[in-house]
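One point on numbering: in my numbering, the residue at position 190 of the sequence shown is 368, and numbering is uninterrupted.
Be a bit skeptical, because a hint or two may be false.
Mimicking DSS-like on lysine-lysine, the simulated pairs with C-alpha atoms at most 25 Å apart in a straight line are [unchecked claim]:
1. K391 with K432
2. K271 with K515
3. K432 with K515
4. K432 with K520
Label-pair distances were calculated between CB atoms; the ranges are [stated by the list, open to error]:
5. Q384 with G334: 50 to 58 Å
6. G334 with L217: 43 to 51 Å
7. Q590 with L217: 29 to 37 Å
8. P595 with T408: 43 to 51 Å
9. G334 with A431: 26 to 34 Å
10. T442 with G366: 13 to 21 Å
11. L592 with A431: 48 to 56 Å
Derived from the structure by calculation, the hints contain no laboratory data.
Don't be surprised by glycine CBs; every beta carbon is placed ideally from N, CA and C.
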Amino acid sequence: MSKQRKVSSKAASSSAPTAPARRRAFTLVELLVSLVAGLLVAMAVMGLSRVATTTFHEEARASGTELGLRVAAERLRADLSRAAYMSTTNIQKDPFVSKLKGETVVDKGNKFPNGLAILAGIAFTSGGSAAAAATGELATEKANYSKVASLSANNGVAPDSILLGGNMTTADEYIVQSVIDSGGEGCGGQTVTLSRDSAAVLRLVQKVDGSPKSDAEATSALDDAFVPATGGQFMARIVDDSGHQQFVALCPAKPPAVTGTGTTIQVMISPDSRVLSATETGGNGGITGFAVGRITINPVQLVRWSLRRIPNALLDTGVAATDDAKFDLVRTWVDAKGNEVKSELIAEYATDLVFSFAYNDGTPTPRFSDFGAALPIAGPLAVPANTTAKPEQLRSVRFRLSLRTPMGDRAQPLAGPDGGFLYRYRVSDAGENAFARVRTIVSEVNLQNQFR
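Construct the complete structure from the given sequences, taking the supplied hints into account.
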């Protein structure tokens, strides 16, 4: 019994919990060192994250600039390719433009609107962006035009401007059914009625399935072609059955309209110009009573490309609204009187726009001009005739378009090659060392309509 009792006591004592062995803990110094090390690692991670975030934002801005640059360049290429398209290279010297008998200048009795009398495929002005902004119809443009000149001079550039003439809205020409003196109709000029025996006209008045459009829908389509911006007096070209062409100004008070559920499609002509008859031209083109149905009409417009400053409450907020260095690439409709009608912002933060031309001046060797250099033969026409302007000699145009990033994220300039090619753009006229990165595209467009 005693032996069993001893064994039970031993077993009981072995199953009882024992005190844990004493282990060495962190000292205060070790704890502080570990905390400092962890803090340093956290600071390093935050610093790297900040640098990475800043770099990401900078590259995102640069990528956005490159995307905007390519889109803007394609818009400009599209307009350049339409210079003199379904129009004339030089209205004053084109032998196929009908004139009043005995006249040498196409002014139709000095009644031509100014913009129509100087109609050409291309009218180039070296360094003309500042001047274009100065004469802009919008008060906001006039108030900011001097900044274009000052910032451009500060960066060593002088942006050009170019005026293009041609059919910019459609590839269609419409068969004419009749041309009559409308008396008090419209502006008091002639009325041109379009024939429905034309696929181009049917596209205006019918839907894809062949059902008729409403008069409002058809009129809207017709106006989109002939009057791309409200408030202006636009132009049209009339081609007779002999291949001669005439240019007329449209009535601004009564735009083209479709009535009678698509049965009557009319374009009103301003009394400032008129469609000449074969008798009035002395046989040099003109319409005859028997030519009706073999005459066509198509719209003609003028567009000006330039760099300007057009504040926009939706786009320019905060500091950007008063940023002196923010300019835009702008496409502006110009009407038959030479007045600017409506401006369209194509790209923000534009810094430079220059042009160069290949031309044929009658010598065996093709000639080329430098970017931004004045070229008299590419200059605008004038009334009376400008003998130095010969846009019909132009064969191709190169353009160099530059856009910058929205923020000046560089502290030093980076010199580019000669000729005004920019890598960095100073964004302040006060001389602070804040430079934005610049992205540039160079392209060439064959002027296939200039030498028809």
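Hint-by-hint comparison with the structure:
no. : hint                       : in the structure
1   : K391 with K432             : holds, 21 Å
2   : K271 with K515             : holds, 20 Å
3   : K432 with K515             : holds, 17 Å
4   : K432 with K520             : holds, 19 Å
5   : Q384 with G334: 50 to 58 Å : holds, 56 Å
6   : G334 with L217: 43 to 51 Å : holds, 49 Å
7   : Q590 with L217: 29 to 37 Å : holds, 34 Å
8   : P595 with T408: 43 to 51 Å : holds, 45 Å
9   : G334 with A431: 26 to 34 Å : violated, 47 Å
10  : T442 with G366: 13 to 21 Å : holds, 19 Å
11  : L592 with A431: 48 to 56 Å : holds, 55 Å
When held up to the earlier numbered hints, the structure conflicts with hint 9 and nothing else.
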